[in-house]
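**Student:** The lines below spell out each chain.
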Amino acid sequence: MAQVVNDFSVVVGTANGSGSQTSNSTILRALFKMGIPVSGKNMLPSNIQGLPTWYFIRASKDGFIARREDREIVVAMNAKSFDKDLESVLPGGVFYYNDAIKNPITRTDITVYPMPIKEILSQSPEIPSKLKDMIGNMVYVGILAEMHKIDMDKILLALDFAFKGKKSAIDLNMNVIKNAADWAKNNLTKADPYVYEPMDKTEGMIMTDGNVAAALGAIYGGVQFVGWYPITPATSLAEELNEYLPKLRRTADGKDTFAVVQAEDELAAIGMCVGAGWSGLRAMTSTSGPGLSLMTEFVGLAYYAEVPLVIWDVTRVGPSTGLPTRTAQSDVNFAANMGHGDTDNIVLLPGSVNECFEFGWKAFDIAERVQSPVIVLSDLDFGMNQWMSEPFKYPDTPMDRGKVLWEEDLEKIKENWGRYKDIDGDGIPYRTVPGNTHPLSAYFTRGTGHDEFAKYSEDAVVWESLLIRLKQKFETSKKYLPDAVLEVDNHAKEGIITFGSATFAALEALDRFGKQEGRNFDLLRIRAIPFTESIEKFIASHDKIFVIEMNRDGQLYEELLIELPQFANKLISVAYSDGLPPTARRIMKEIKEKESK
Amino acid sequence: MAVNLPIADSANSVNLAGLTKNDYKGAPSTLCQGCGHNSITSQIIAATYEMHVVPEKMVKFSGIGCSSKSPTYFLNRSFGFNGLHGRMPSLATGSLFADTSLKGFGVSGDGDSASIGMGQFKHMMRRNPNMVYIIENNGVYGLTKGQFSATADVGLTLKKQGINRYMPIDICMEAVVSNASFVARSFAGDPKQVKELLKAAIAHNGLAVIDIVSPCVTFNNQDNAYHSYTWGKDHEAPLHELSFIPARDEIIIPDEFLDGEVKEVELHDGSTVIFKKLDKDYDPTNKYQALNILQEAQDNNWLITGLIYLDPEKETLNQRYNLVETPLNRLTEKDLRPKPESITMINDLMF
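Taken in sequence, the protein lines are chains S and X. Residue 385 in this note's numbering is what sits at position 385 of the first sequence, and the numbering runs on without skipping anything. Offset between the second sequence (1-based) and this note's numbering: plus 1000.
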């Protein structure tokens, strides 16, 4: 039997809240430290305890880290999902299960191993009874390690990280893992082809999630004010700010250069950010779809009052309860146009955990330069899953605080200044902020109805010229935005446009098309709205472009149609949303189906 | 040492901030003739002038409504933000972090604070930022031409609305139970009291809520309505006469107070509010008494005015944070971006 090395998936089915998260991340991290490209995806219910949850660990020697449907190895720890889990194993695969579950085994085309979890745990009488269920999850870590050759030293590194070096906790868990591995060695005969072997493909990389990256990026961007309200999957972003701000932004004498307020709701969270941004602070909030809906009125006001602020929208599927823990690229249209009246918002689209960090600081530069809200669309897949990543890179450009006038600046231009006067001809006026003591500095802010000097006006010409200047400002913003990235250049006639976390499955689909069908594509990854010139060029230079994204309606596709209608007959929308991170197989199927129509 | 300094008192004389009364004015009011709000605006101009306020050290906020338009009509040299309906508290809270030497000055209405903005109004008191929060309370929506607000009397009849079915919200009672540190009620038809309360509110370190009954001459000024001039003048029951003495002045009991029993309460900055007891034996530092008097006023149909509750030592928003001395909005990249070497430490903290 030929071995399958570093190219298969393990899926663990457990009950939510049973403490399997540490076990799953231990496997993921150990593989990562073995140098094997790996990705972990948590498919969890919106529930604190009890409902079925699955964790997907994909090893890919070729470096593909998108989700993948096939399940070579399944670990069943949950009686409720047992039958379905058994059914899901690929023929020739392996099925491990807790032997306390007495459901019938209905398959003969796979290898099945019962795991005597209780018996193995009984060798560790030192485990406190309240921790037994949780540490019981370490049994499958030990058995998988023995059967599929996960390096014990790397497991130890993973435990050391998870328990922050706390020796008693590490020992307690490691003993169970070792006992389980010994049990497997003495009692199981390997009959499957799946093994892990060390590689060198993760050298120098880190493993983290998008919410940590975004929070750290914001801190290096000098975030000064955070107003937020808890919401899945954005909550941990604010919590990470609370974790790292005191470490990185407290002065030697213990004083803070930042303030974080947990608001009473998203209306207040964004209101505080508008107040802080208006007053010259680098202000941000983090939220998801329902919160963004509540923030809409203030974002519209900030657009018209020209207030800089940054919103991180960690997107998920639609409103209300039910699927808040499922991912989607669901808010593209909404973010781009939120606000009543004519509104254009700047939207950033990070395409990796690393870019979550980069856009974390860059978003403030853009917001302050353009004096406008900037909405960054991450998603649940980035925000709550672990990703291998290049290390975070220190910002390579100095902070851009935009056109702010302090006392001495204002003294130089004096009466020539008006808050909404376009002195430079780029649509971006100069602003002063409260605390400026120059007698000319103060002005009264309103959404609409202001002239160049911020005086109340209902004059038709004044209003219309304001609208036109805001549009011009939006045009100007393009030169400050991250340009699209040509990820794959095959000099092909067909192109793919995608963004964010959908990129990984798109890249894999593109690779398979090439290998399996000799069909080549180029791939452009969009990183911001409004669209930069390179996007137009890419579309113009290809015969046919598939726009791949994770939502029902093809929202990025729609934005492209609106902005570049001359290319309407070239653009084909490949959009779907099932709540899960996309897969190459599904994307290939969708592309083929679109063509056959 | 207490120094007795003159209080600036005429349009031409210059106060300690080097400004004349005109410097505290704003654009001409576009509200109706006789609107109670205009009278309050005049007292805001007088109080800030007499308190030698540096306009650049004050930031004006408002929500939406007739009352919220009024910050345009005073303190031209102060920054101001006319925000969203019911959202003034959050706007102000975020703004006041930028420079903690600034004081907020908010003007809202009964619709803005007691209806759409009730949540933010109450949460602001939990946080106690350094701000004057005036509610110009007329029981009616003016800009949309005469609908009931949440403070309108039950049974009130309005032209296009019929009879109000619901009980009114008592703004001061809401403020007291939400742990506000300064709660007052006044009547736009009593300018002297409005001014004294405004001065005390400006000196107060924390959030000072003043519910000012301010009749709407166009939509809600029926003689028998709570929010009318006639009713207010007939039913106003001051809790005390009060006078405000700034910190730098020697405490001299005003002549009209001399023949009564007086109580002094010192504010955080050393200023003093002097209360002359009327027939009620009322202590504004006692929360039980505050709630009691508000309930009594409801039961007896009194328009209770005066300083209802005061806790000058309550921890403020600024005190709850440990911010650097320099205003946050004057910090630069050097203060805000962690040093390059820290990135290695951060990457090491990741797995």
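Careful, some of the hints might be misleading.
No farther apart than 25 Å at their CA atoms in a straight line, the calculated lysine to any residue pairs in the SDA-like style are these [unchecked claim]:
1) S:Lys255 to X:Lys1057
2) X:Lys1334 to S:Asp396
3) X:Lys1145 to S:Thr448
4) S:Lys255 to X:Gly1146
5) S:Lys164 to S:Val112
6) X:Lys1159 to X:Gly1146
Restraint ranges, calculated between C-beta atoms of paired labels, are given here [as the list claims (entries may be wrong)]:
7) S:Glu464 to X:Gln1147: 26 to 36 Å
8) S:Thr321 to X:Gly1146: 37 to 47 Å
9) X:Thr1344 to S:Asp483: 39 to 49 Å
10) S:Gly50 to X:Asn1179: 36 to 46 Å
Hints in this document: simulated from the structure, not taken from any laboratory. Built from N, CA and C at the ideal position, the CB exists for glycine as well.
**Student:** For every hint, state whether the structure bears it out.
**Tutor:** Each hint, compared with the structure:
1. About 23 Å separates the Cα atoms of Lys255 of chain S and Lys1057 of chain X, which keeps this hinted pair within 25 Å; it holds.
2. For the hint linking Lys1334 of chain X to Asp396 of chain S, the alpha-carbon distance of about 15 Å falls within 25 Å, and the restraint holds.
3. At roughly 21 Å between alpha-carbon atoms, Lys1145 of chain X and Thr448 of chain S fall within 25 Å of each other, so this suggested pair holds.
4. This hinted pair does not check out: Lys255 of chain S and Gly1146 of chain X have alpha carbons roughly 50 Å apart, beyond 25 Å.
5. For the proposed pair Lys164 of chain S and Val112 of chain S, the alpha carbon gap of about 35 Å is over 25 Å, so the pair is violated.
6. Taking the CA atoms of Lys1159 of chain X and Gly1146 of chain X, the gap is about 8 Å. The hint holds against a cut of 25 Å.
7. Separated by about 32 Å at the C-beta atoms, Glu464 of chain S and Gln1147 of chain X satisfy the suggested range of 26 to 36 Å.
8. At about 40 Å, the beta-carbon gap between Thr321 of chain S and Gly1146 of chain X stays in the expected band of 37 to 47 Å.
9. Roughly 29 Å separates the CB atoms of Thr1344 of chain X and Asp483 of chain S, a value that falls outside the hinted 39 to 49 Å.
10. Judged by the Cβ atoms, the range 36 to 46 Å given for Gly50 of chain S and Asn1179 of chain X holds: they are separated by roughly 39 Å.
This entry does not satisfy hints 4, 5, 9, going by the numbered hints stated previously.
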